[in-house]
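K.L.:
So you can see what is in the structure, the chains are spelled out below.
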Amino acid sequence: MTGLAQLTRHRLFWPIVALFVLLLASTLKHHTFIEVTIRDGHLYGGPIDILRRSSILLLVALGMTLVIATRGIDLSVGAVMAIAGAVTLSQIADSPDPGSLTTVALAMATGLAVCLVIGVFNGFLVAVLGIQPIIATLVLMTAGRGIAMLITGGQITTVTSAPYKALASGFWLGLPIAALIAGFFFAVVAVVTRRTALGVLIESVGINPVASRLAGVRARTIIWTVYVLCALFACIAGFLQSSNIMAADSNNAGLFIELDAILAVVIGGTSLAGGKFSLTGTLVGVLVITTLTLSITVIGIPVNAVSLFKALVVIVVCLLQSPVVQHKLRARRRKAAPVPVEVPA
Amino acid sequence: MTEQSTTPIVEMTGISITFPGVKALDGVDFRLLPGEVHALMGENGAGKSTLIKALTGVYGIDSGRIVVGGVEQVFSGPAAAQAAGVSTVYQEVNLTDNLSVAENVMLGHEIRRFGVIDWHATRKAARGYLQALNLDIDPRSSLSSHSLAVQQLVAISRAMVVDARVLILDEPTSSLDADEVARLFDVVRTLRDRGVAILFVSHFLDQIYAISDRLTVLRNGTLVGEYRTEELSRVELVGKMIGRELEVLSELETSSERAVVDWTGTPYLQAIGVGRKGSIEPFDLDIFPGEIVGLAGLLGSGRTELARLLYGADHADSGETRVAGEPVRLRNPRAGLSRSIVFSSESRKTEGIIGDLTVRENIVLGLQAERGWLRRVPSRKADEVVDRYIKALGVRPANPDAIAGNLSGGNQQKVLLARWLATAPKLLILDEPTRGIDVGAKAEIQKLVAELASQGMSVVFISAELDEVLRLSHRIAVLRDRRKVAELVNSQDVTTDVVVDLIASGGTSA
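Heads up: the protein sequence lines correspond to chains A and B, in order.
At position 135 of the first sequence (counting the first as 1) the number is 135 in the working numbering, and the numbers step up by one without a gap.
At position 7 of the second sequence (counting the first as 1) the number is 1007 in the working numbering, and the numbers step up by one without a gap.
In isolation and in its complexed conformation, chain A is listed as follows:
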């Protein structure tokens, strides 16, 4: 087999191609899109914008990857984002000194604590009570926004707080703080899962929970942990999102982000059936989705065709990744390849 053929078989080949095509199309439309310039000591330009905008989805998808690897799913992430924003902004708004760093830090700590409880709750339903993850997290997906509304009293809470605003719009070392935060957690999770045994134990539980338990793996604890992590990452995503608009909008914060996150995980090659997961894959998936959303505006797709365009790109990428299509494409080049077909034993 040639090197090229091997390359096209890599599960991230087509998502990366899609990423480049989108970047290319945007650059052809606006020649300055790909340029990165320095303004006021910060980096500016299309690629930087993509990084900044990816940060929220990356955080959510990061948790989602771990949950999906254990055969689970977490639909409540969007609602958790809304709750995180509501809790934190309400506390900042109620404080006498919204601009102080202490106020912001304390408010964020409260947000994290609330989300920790949510994660523990989700994990309890799945790991201890054995409720199917899609149902267990559906509870908070629907109820969570109601809780957020209660916290904000049905209003859209707005605040003015420079330190909080910096989360989403600030720069550090020339880079957007939001992207740095997401990148930091991405790196931490990558290191922790691959340098400790957490990654392989998560995979083991995802592939065969019963066998893992009998092997002495604390399957319940691991499942519980991933739901807690997922809620915490959603919480931080909620900070970034509310900081972006400096408002807690319980109805719209993180709306449908669970679907984008699941999509990013799947594009990245992690199977919804659990087991082997790829954080790099998720990162690529997130970049594809964000670039897609951004390039739609840059290329100038008419507003009413945006959803259709997005759907088309996603369908094409998923099709190219599908084993059946891959096999058909390969069969045209190489005849009589053996295909082990999965049969339920």
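It is worth saying that the hints were derived from the structure and are not from the lab.
Virtual Cβ for every residue (Gly too), placed ideally from N, Cα, C.
There may be inaccurate statements among the hints.
Listed next, with one range per pair, are the computed distances between beta-carbon atoms [said to hold, decoys possible]:
hint: 1; chain 1: A; residue 1: Thr297; chain 2: B; residue 2: Ile1111; range: 53 to 63 Å
hint: 2; chain 1: B; residue 1: Gly1265; chain 2: A; residue 2: His10; range: 53 to 63 Å
hint: 3; chain 1: A; residue 1: Gly130; chain 2: B; residue 2: Ile1272; range: 28 to 38 Å
hint: 4; chain 1: B; residue 1: Val1260; chain 2: A; residue 2: Phe124; range: 48 to 58 Å
hint: 5; chain 1: B; residue 1: His1315; chain 2: A; residue 2: Ala143; range: 27 to 37 Å
hint: 6; chain 1: B; residue 1: Leu1298; chain 2: A; residue 2: Ala143; range: 43 to 53 Å
hint: 7; chain 1: B; residue 1: Ser1076; chain 2: A; residue 2: Asn252; range: 32 to 42 Å
Knowing the structure of chain A, use the given hints to seat chain B on it.
P.N.:
Positioned in the frame of chain A, the structure of chain B alone reads:
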């Protein structure tokens, strides 16, 4: 059977299949005649399953020809093979548990009237197919309400609905008791007399000789030969399968010299009135260091349930367990593991191997679980352990990066053993470690168990084969109807008949 005059219904020539890193089949020829029972023999990893999967369209072939009923076939999948008249009944029954018997038998072939399913007629037809196999069960009953043996017969009925000319039975008897096997064989003979070609795979030599007309032997992915069963003695057959002198087997016969166990000290594990409602009645059991305790009893007698309590896979709701004299509560597998107790389940696939992980990851898993996720097993230590056990147990292929799910049953069993031995256990509980694996591997595992015990490890050994239990154990606990009914010290006088009597009488004569 008039062999010469019949043309084969299946003729496979020069079949080769390669998997990444493994040549699974290398130019194998195989033929199957109508109206015969043909046994496919070979050790684990000899290529039996691969050959069957080629014939049933599960795997595509790299080279060779498959002719079924005179027509050359290129199977695109299992459905194509079925359409050509090749049906398979797998070891693990391949039916839908939560549907009714009739729905299972007739699935995809329901009788329709005016475009909708006529359930009355469908059930009637199903009953007809079942009765043809002397199976008198209510077609409306749910499949899961029947024993595995009946489910297997239902699977065969289903094969008859699709008018199979070739019926493949892959280890159909591995979980059946003697009566059920006899019943299955009656059905097999009926089908044979009707002209169906039956391919039979089993590790029980007695059964091969009882049912098969001819047999084909494979070894390491190549064809050894095709023989008439009556013309080949058992010793010759085993010799052809393992391809080396029968030293292993003879060693096995003489290994009855067991190391002496000191029964005066403190038992490593002591169960006092330990039980669990609905699973096993309270029992007492002592297991001394260096002792092999065999559990004998029929399927469903509570052997597995007892073992699970000793490990902590299930937690006991009565009694007390002591490890090395100290009372302990074994509430989960971790608790067992931390007391150096390990348990290898009888269901390799569902409760043992993590299919998508590598051999290496599977072996290290036990060690890793013991250390917790934070303290990863250093890769040098992992390499060393994996290497040592792959060599010591003869795991094939000897490739730590092979995906464990792709290994044959016997090799998966060795990987599981490796996982547990790597944790240096003091009590090793083996539930049917030799089920569904070939004589060679079986002998190796038995030898290993005896060796480990002589080095001071305590072993609980569960097997449906009494011979095996008698050959290895120092003491035997007999179970019946989820109750421990007797316990006896093994000696020359203890024969399978003695144990069978105990099982039959429920221990009253002991």
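K.L.:
If you test the structure against every hint from before, which numbers come out violated?
P.N.:
Number 7 - this is the single hint that the structure violates.
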